[in-house]
Amino acid sequence: MKQAKILLLVVIALLPLTLVSCIPGSAQLAKGWAGTAVHDGIIYVGTVDGRVVTINSSTGNLEWSYSIAPVTAPSSGLACGPTSVPTAIYGAPVVDRDIVYIGTYSGQVLALNTLARSQNLTFPQQRYGEWKWDCPIDNAKSNAIVADLLVSEDAIYVSSSNGRVYSLDKEFGDLNWESKILDEKHGKLWASPVIQGDTLYVSTFDGHIYALSAETGELLDWSFESEAGFASSP
Numbered sequence: 013m014k015q016a017k018i019l020l021l022v023v024i025a026l027l028p029l030t031l032v033s034c035i036p037g038s039a040q041l042a043k044g045w046a047g048t049a050v051h052d053g054i055i056y057v058g059t060v061d062g063r064v065v066t067i068n069s070s071t072g073n074l075e076w077s078y079s080i081a082p083v084t085a086p087s088s089g090l091a092c093g094p095t096s097v098p099t100a101i102y103g104a105p106v107v108d109r110d111i112v113y114i115g116t117y118s119g120q121v122l123a124l125n126t127l128a129r130s131q132n133l134t135f136p137q138q139r140y141g142e143w144k145w146d147c148p149i150d151n152a153k154s155n156a157i158v159a160d161l162l163v164s165e166d167a168i169y170v171s172s173s174n175g176r177v178y179s180l181d182k183e184f185g186d187l188n189w190e191s192k193i194l195d196e197k198h199g200k201l202w203a204s205p206v207i208q209g210d211t212l213y214v215s216t217f218d219g220h221i222y223a224l225s226a227e228t229g230e231l232l233d234w235s236f237e238s239e240a241g242f243a244s245s246p
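Terminal number for the sequence shown in our numbering: 246, no gaps in between.
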């Protein structure tokens with residue numbers, strides 16, 4: 013019943029945006045694709061046009077909204093110069109105390125402080141623990157982050173569409189390690205890692221589950237092979 017109420021509040025809050033997008037001649041407003049997170053009575057959701065939206069679960073009122081800046085991509089084809097690429101959000105936000113962690117389709121991980129965002133302060137406010145990390149681009153392959161982030165006590169684990177898993181320092185966003193899981197041909201990781209003890213488990217599009225050291229990223233001598241690929245977490 014509680015989950016149904018939360019879903020209804022999200023739909024009500026986003027309904028005006030959907031209606032505006034249907035009006036002829038109006039700007040097309042993207043709909044939310046990511047899952048939701050709920051923390052201390054606040055609903056957090058990401059949208060395809062790169063916004064983090066927070067809604068009061070009791071009143072249905074908007075608490076605050078933050079738009080992630082578009083990424084500038086190199087020119088290609090007939091383009092005369094660099095173009096702005098929308099920063100879509102496909103993974104659910106992860107809330108830990110007063111920090112919201114977000115992964116984007118443009119290959120970024122952001123730590124947003126709820127107080128700083130509610131006051132609409134310039135991002136990032138490092139004194140509030142805010143930071144941004146950019147996923148490296150591997151030979152022009154997509155570095156999109158589609159899976160939910162995995163947040164542990166002191167690290168953040170990121171599955172990327174370039175076939176790699178990254179570990180980031182939770183406080184400052186520094187890179188701890190990266191581990192290449194898939195080759196160029198099968199290089200998509202769209203499922204969130206899971207952790208048990210000091211071991212990470214990562215499922216892949218080519219039908220494998222791999223085990224990694226959570227501390228170093230080293231591939232362990234354990235794996236599982238299926239006849240079909242995985243698009244969800246183990």
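Think of the hints as simulated: they come from the structure by calculation, not from any bench. Ideal Cβ positions, reconstructed from N, Cα and C, are used throughout, including at glycine. Do not rely on the hints blindly, as some may be mistaken.
List of simulated lysine-lysine pairs, BS3-like, C-alpha gap at most 30 Å [said to hold, decoys possible]: (1) K192 to K144; (2) K144 to K200; (3) K182 to K200.
Distance ranges between label pairs, derived from CB positions [to be verified]: (4) W189 to D110: 37 to 45 Å; (5) V50 to D195: 17 to 25 Å; (6) E227 to Q138: 31 to 39 Å; (7) S70 to D233: 28 to 36 Å.
Item checked: Indices of hints not satisfied (ascending) -> Numbers 4, 5, 6 and 7, in rising order.
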